[in-house]
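Engineer: Protein sequences appear in the order of chains A and B. Be aware that the first sequence starts at -10, since it is given in the working numbering, and climbs by one per residue. Be aware that the second sequence starts at -10, since it is given in the working numbering, and climbs by one per residue.
Hints should not be assumed to be uniformly reliable.
Where chains are identical, the list cannot tell them apart; a pair therefore holds if satisfied intra-copy or between any two copies.
[As the list claims (entries may be wrong)] For lysine to aspartate or glutamate, the following EDC-like pairs were computed, each having C-alpha atoms within a straight-line distance of at most 20 Å:
#1 LYS22 <-> ASP78
#2 LYS22 <-> ASP103
#3 LYS43 <-> GLU25
In case anyone wonders, no lab produced these hints; they're calculated from the structure.
2 protein chains.
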Amino acid sequence: MTGNDLDQLIQLFAKLPGLGPRSARRAVLALIKRRETLMAPLIRALQNTAERVKPCGACGNLDTQDPCAICRDPERDRSIICVVEGLGDLWALERSGACRGLYHVLGGTLSALDGVGPDELNIASLLARADPKEGVAEVILGLSATVDGQTTAHYVTERLMGRDIVISRFAHGVPIGGELDYLDDGTLTAALKARRPM
Amino acid sequence: MTGNDLDQLIQLFAKLPGLGPRSARRAVLALIKRRETLMAPLIRALQNTAERVKPCGACGNLDTQDPCAICRDPERDRSIICVVEGLGDLWALERSGACRGLYHVLGGTLSALDGVGPDELNIASLLARADPKEGVAEVILGLSATVDGQTTAHYVTERLMGRDIVISRFAHGVPIGGELDYLDDGTLTAALKARRPM
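Here chain A stands alone, though its shape is the one from the complex (with noise of 0.2 Å):
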């Protein structure tokens, strides 16, 4: 139907998440629109990160920088680390702010059915790091409430045993803005058994 090449590129951006075959055109009609405003800058950002970026040798955060800036962060409590799946929970903790301590990003979690193993995810950097000597006091588990983020969350627990350190992990409870009618009944037993006084 149309050159070769902007057919392969159409075909790429299809194979982004969210996008499809139709979103992919509508993607690339805008950037042949807006070359000049556009399409050169992402060209640029993206060799800028495909050249640049790597993961940070402490958290295994992204940056250009290493280590990241959030381990060069002054700022930050370097006696809390947060323990996460990946990069994209990194960057939803972020955004929201709530986390003032370190981060460590696991790359995945524990799952029999993948396959997946103790040695597939950055566990050993994690035993290493979290060392009462270094100053670390708590290490918060921020994995996701499945059950393999459970089973994950279940192993670092039982690797941190006995060092002179919190593990805890998120709440679980009735997200904010959530009505209870549309709650499963795991979350709502959840959130009664933690209830606080008002």
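Place chain B on chain A using the hints.
Structural biologist: Positioned in the frame of chain A, the structure of chain B alone reads:
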């Protein structure tokens, strides 16, 4: 939150149609995870498009060669020119395989509100091409059934008047798979008026 380079990349992705900040983040995460298989080819394809794709001098279609693949194709019926608003419409018609003639991309529609006059569109080149002496027998106006689209259709019809050329437009009617109950009055009236024997 993240390195400035990543932030910038996410913001650029979020400017594409159909993508917001959230889906832009997901797209960037997917690109970082698949640097070699997705990010590198995407950069190359974008560069290729930015450098090599240009409008066809005859019809306005985009291709790496001028004239474009459609204008060069010897199988095409050169007596028919299908006039469309933009590249997206041309792609849609090509996907359907319904048009065996050539195209002419206007680059928009006349619009008093947006200050688009005949000089802003590729109308002069259409008038030059639509020449019975060159073998052109029919101009099909494949323009949207909107006020601006129909204004443009009428304008082009007027300008081509007097030449020995059939000027036609797409039929209005019930879309294939469409339910009558959900159609607007205008479409129903048009479909009833243009009824055909079974």
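Engineer: A separate judgement is required for each hint: does it hold in the structure or not?
Structural biologist: Here's how the hints hold up against the structure:
1. LYS22 <-> ASP78: Cα proximity of LYS22 and ASP78: across copies only (15 Å, versus 34 Å in one copy).
2. LYS22 <-> ASP103: For LYS22 and ASP103, the Cα distance is within 20 Å only across copies (17 Å; inside one copy 43 Å).
3. LYS43 <-> GLU25: Cα proximity of LYS43 and GLU25: across copies only (14 Å, versus 28 Å in one copy).
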